[in-house]
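The sequence shown: position 52 = 52 (the numbering used here), numbered continuously.
No wet-lab data here; the hints were simulated from the structure.
Treat the hints with caution; some may be incorrect.
[Said to hold, decoys possible] Below, in silico cross-link-like pairs of lysine-lysine (BS3-like), each with a Cα-Cα straight-line distance of 30 Å or less:
| id | residue 1 | residue 2 |
| --- | --- | --- |
| 1 | K51 | K168 |
| 2 | K63 | K120 |
| 3 | K71 | K101 |
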Amino acid sequence: MMTRLRNPILMILAFFAVSAVNANAQTTTFSDPLVEYTFEVPDDRWKVVGKTPYVNLVFGTAKEGDLEIRKVSAPVNKLLTDVIREDEEKLQFLPGYVAGKEENFSGALRGSIFNYEYVKAGRNMAGRFYYLRSGESVYVLRFTAYTANLRSLRVQTDVIARTFQIKKN
Numbered sequence: 001m002m003t004r005l006r007n008p009i010l011m012i013l014a015f016f017a018v019s020a021v022n023a024n025a026q027t028t029t030f031s032d033p034l035v036e037y038t039f040e041v042p043d044d045r046w047k048v049v050g051k052t053p054y055v056n057l058v059f060g061t062a063k064e065g066d067l068e069i070r071k072v073s074a075p076v077n078k079l080l081t082d083v084i085r086e087d088e089e090k091l092q093f094l095p096g097y098v099a100g101k102e103e104n105f106s107g108a109l110r111g112s113i114f115n116y117e118y119v120k121a122g123r124n125m126a127g128r129f130y131y132l133r134s135g136e137s138v139y140v141l142r143f144t145a146y147t148a149n150l151r152s153l154r155v156q157t158d159v160i161a162r163t164f165q166i167k168k169n
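All chains should be built: construct the whole structure from the sequences, respecting the hints.
Next up, the structure:
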């Protein structure tokens with residue numbers, strides 16, 4: 001009985017390993033002459049829908065996954081927590097707003113993550129904002145989506161944020 005179970009388990013593990021390799025092989029690099037940064041896009045379902053005044057990508061539709069990238073000026077001595085609080089002051093007016101936890105984050109740039117949930121048109125929505133510092137600038141990667149979708153996209157949002165970097169001159 002044990003040998004019968006072991007083979008299907010090995011097949012399932014092999015399937016997930018191959019899927020993970022295939023997922024990594026599908027990444028493309030986002031780069032545009034109008035912006036000073038690049039990042040890896042882990043899935044071809046992410047599409048650029050706007051570049052002015054900020055870069056905006058969607059995963060299928062905006063409610064399934066939306067990424068908005070903004071640049072904020074912040075002196076080096078200004079804490080990221082203070083930048084996050086300024087955004088949170090605006091977010092708290094969203095219907096059903098519930099603040100989540102703040103997390104440290106590191107990739108090509110170091111920073112913090114802020115999570116929250118809210119309700120839009122009767123549906124549970126979530127936001128996951130990455131605040132990445134580069135000198136006097138903070139790049140805010142604002143991911144929003146249906147709550148369940150954002151949870152399933154977390155690996156992808158982390159890949160985008162981890163690979164986000166300033167172009168070399």
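Hint check results:
1. With a CA separation close to 20 Å, the supplied pair K51 and K168 stays within the 30 Å bound.
2. A threshold of 30 Å between alpha carbons decides the hint, and for K63 with K120 the separation of about 10 Å falls inside it, so the pair holds.
3. The hinted pair formed by K71 and K101 meets the criterion: a straight-line CA distance of about 22 Å does not exceed 30 Å.
Consistency note: the structure conflicts with none of the earlier hints.
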